[in-house]
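Protein chains: 2
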Amino acid sequence: MAAASAIAKTFHFGPIIIPLSQTFLVTKLSYALVNLKPIRPGHVLVAPRRKTLRFNDLTQEEVTDLFLQGQRVSKVIEKLFKAEGLTLCIQDGPKAGQTVPHVHLHVIPRHQGDFPNNDDIYSVLEGNVNPAPHIDNDQINPRSNEEMAAEAVLLRSELGHWNQGGD
Amino acid sequence: MAAASAIAKTFHFGPIIIPLSQTFLVTKLSYALVNLKPIRPGHVLVAPRRKTLRFNDLTQEEVTDLFLQGQRVSKVIEKLFKAEGLTLCIQDGPKAGQTVPHVHLHVIPRHQGDFPNNDDIYSVLEGNVNPAPHIDNDQINPRSNEEMAAEAVLLRSELGHWNQGGD
Numbered sequence: 041m042a043a044a045s046a047i048a049k050t051f052h053f054g055p056i057i058i059p060l061s062q063t064f065l066v067t068k069l070s071y072a073l074v075n076l077k078p079i080r081p082g083h084v085l086v087a088p089r090r091k092t093l094r095f096n097d098l099t100q101e102e103v104t105d106l107f108l109q110g111q112r113v114s115k116v117i118e119k120l121f122k123a124e125g126l127t128l129c130i131q132d133g134p135k136a137g138q139t140v141p142h143v144h145l146h147v148i149p150r151h152q153g154d155f156p157n158n159d160d161i162y163s164v165l166e167g168n169v170n171p172a173p174h175i176d177n178d179q180i181n182p183r184s185n186e187e188m189a190a191e192a193v194l195l196r197s198e199l200g201h202w203n204q205g206g207d
Numbered sequence: 041m042a043a044a045s046a047i048a049k050t051f052h053f054g055p056i057i058i059p060l061s062q063t064f065l066v067t068k069l070s071y072a073l074v075n076l077k078p079i080r081p082g083h084v085l086v087a088p089r090r091k092t093l094r095f096n097d098l099t100q101e102e103v104t105d106l107f108l109q110g111q112r113v114s115k116v117i118e119k120l121f122k123a124e125g126l127t128l129c130i131q132d133g134p135k136a137g138q139t140v141p142h143v144h145l146h147v148i149p150r151h152q153g154d155f156p157n158n159d160d161i162y163s164v165l166e167g168n169v170n171p172a173p174h175i176d177n178d179q180i181n182p183r184s185n186e187e188m189a190a191e192a193v194l195l196r197s198e199l200g201h202w203n204q205g206g207d
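As given, the protein sequences belong to chains A and B, one line each in that order.
Just add 40 to wherever you are in the first sequence, counting from 1, and you've got this note's numbering.
Just add 40 to wherever you are in the second sequence, counting from 1, and you've got this note's numbering.
No lab work stands behind these hints, which were simulated from the structure alone.
The structure presented is a predicted model; accordingly, all values stated were derived computationally and were not measured.
Just so you know, not all the hints are guaranteed correct.
Since copy identity is lost for identical chains, a pair holds within one copy or between any two.
Stated by the list, open to error - Below, in silico cross-link-like pairs of lysine to any residue (SDA-like), each with a Cα-Cα straight-line distance of 20 Å or less:
#1 Lys115 / His83
#2 Lys119 / Leu60
#3 Lys135 / Phe53
#4 Lys122 / Leu93
#5 Lys119 / Asn96
#6 Lys115 / Thr104
#7 Lys122 / His83
#8 Lys91 / Leu60
#9 Lys115 / Asn96
#10 Lys68 / Gln100
#11 Lys49 / Phe121
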């Protein structure tokens, strides 16, 4: 059950393999990744490195690290995307709307008027867009590897600045 | 900035004073409280004891304790309310739908079919019910002090069992 090495080249996200190029923060227990289909610019994810379905399955060390890294990510996302607020959410289990079977914290920058109704964000998060219900989230085009890698580089750079700031 | 004593009789929740009787878990840095207007049975909150508006304003110690206690609460809520999943959410700032100006984690048990569409829960969470939009959440009747206190007693008792279990 030892965490994978910090120099791993890929990461588990449920059945999906995430390349290092799509990550921007890696610790022994957690990693942060950019999103194939962000519902807003700056919508990123933080996950435990161990493939774990439910929040309650995480160890205390994993919970602690997940949210300490979640806060580091939140600070960077809020700054870079000039957010006026953040939606922080775990859809814990399929009955709660979880689509990838691996615990993950959504960090989503919010702005005045970003959705017609403030709570439409959750409808979109669960695969409905615009916000007409029951429209498949295939309507959000997946981003290219290049676009995701470029965003990860930007976020890593910004986190570097945070580190230098004594965070 | 020292945390209030663990034997405090009341707790700050933004401008609201929460009596001890409506809490069911208290640590030096965090507390858990039952809900005046739960959107589902077992919808409870976990908050830092220090009156703090935004997630990013919390210290690392506060983040750590908030989510470790959040996991203890999640385990109890899942068991007691026979949940099939949990919605775990922080509406971080008014632009993200936060209504009480104090960081708080929603823990909401989920069940198959509990809302007509899975994501209707967020519409209700933000004050819309049934799930027609824009209906004032005054339509959720506030619970009596007695009802809230009884639920807190039940949850405290259940957490006691967890404590005895070596948690």
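Verification of the hints:
1. In this assembly of identical chains, lysine 115 and histidine 83 lie within 20 Å of each other by CA distance solely inside one copy; the values are 13 Å within and 28 Å between copies.
2. Proximity of lysine 119 and leucine 60 under a CA criterion of 20 Å is satisfied in neither setting, with 23 Å inside one chain copy and 37 Å between copies.
3. Taking identical chains as interchangeable, the C-alpha atoms of lysine 135 and phenylalanine 53 lie at most 20 Å apart only when both belong to the same chain, with a minimum of 19 Å there against 30 Å between chains.
4. Within a single copy, lysine 122 and leucine 93 get their C-alpha atoms only as close as 32 Å, which misses the 20 Å cut-off; across copies the closest is 18 Å, which meets it.
5. Taking the closest pair of Cα atoms, lysine 119 and asparagine 96 come within 20 Å of each other only across two copies (11 Å); inside a single copy the shortest separation is 31 Å, beyond that limit.
6. Both within a single protomer and between protomers do lysine 115 and threonine 104 lie at most 20 Å apart by alpha-carbon distance, with minima of 17 Å and 16 Å respectively.
7. Taking the closest pair of Cα atoms, lysine 122 and histidine 83 come within 20 Å of each other only inside a single copy of the chain (13 Å); across copies the shortest separation is 32 Å, beyond that limit.
8. When the C-alpha separation of lysine 91 and leucine 60 is checked against a cutoff of 20 Å, the pair qualifies only within one copy, where the shortest distance is 16 Å, while the shortest distance between copies is 38 Å.
9. Proximity of lysine 115 to asparagine 96 under the C-alpha cut-off of 20 Å is restricted to the inter-copy arrangement: shortest distance 6 Å between copies versus 25 Å within a copy.
10. Taking identical chains as interchangeable, the C-alpha atoms of lysine 68 and glutamine 100 lie at most 20 Å apart whether they share a chain (14 Å) or sit on different chains (18 Å).
11. In this homomeric assembly, lysine 49 and phenylalanine 121 never come within 20 Å of each other (Cα to Cα): the closest approach is 28 Å inside a single copy and 41 Å across copies.
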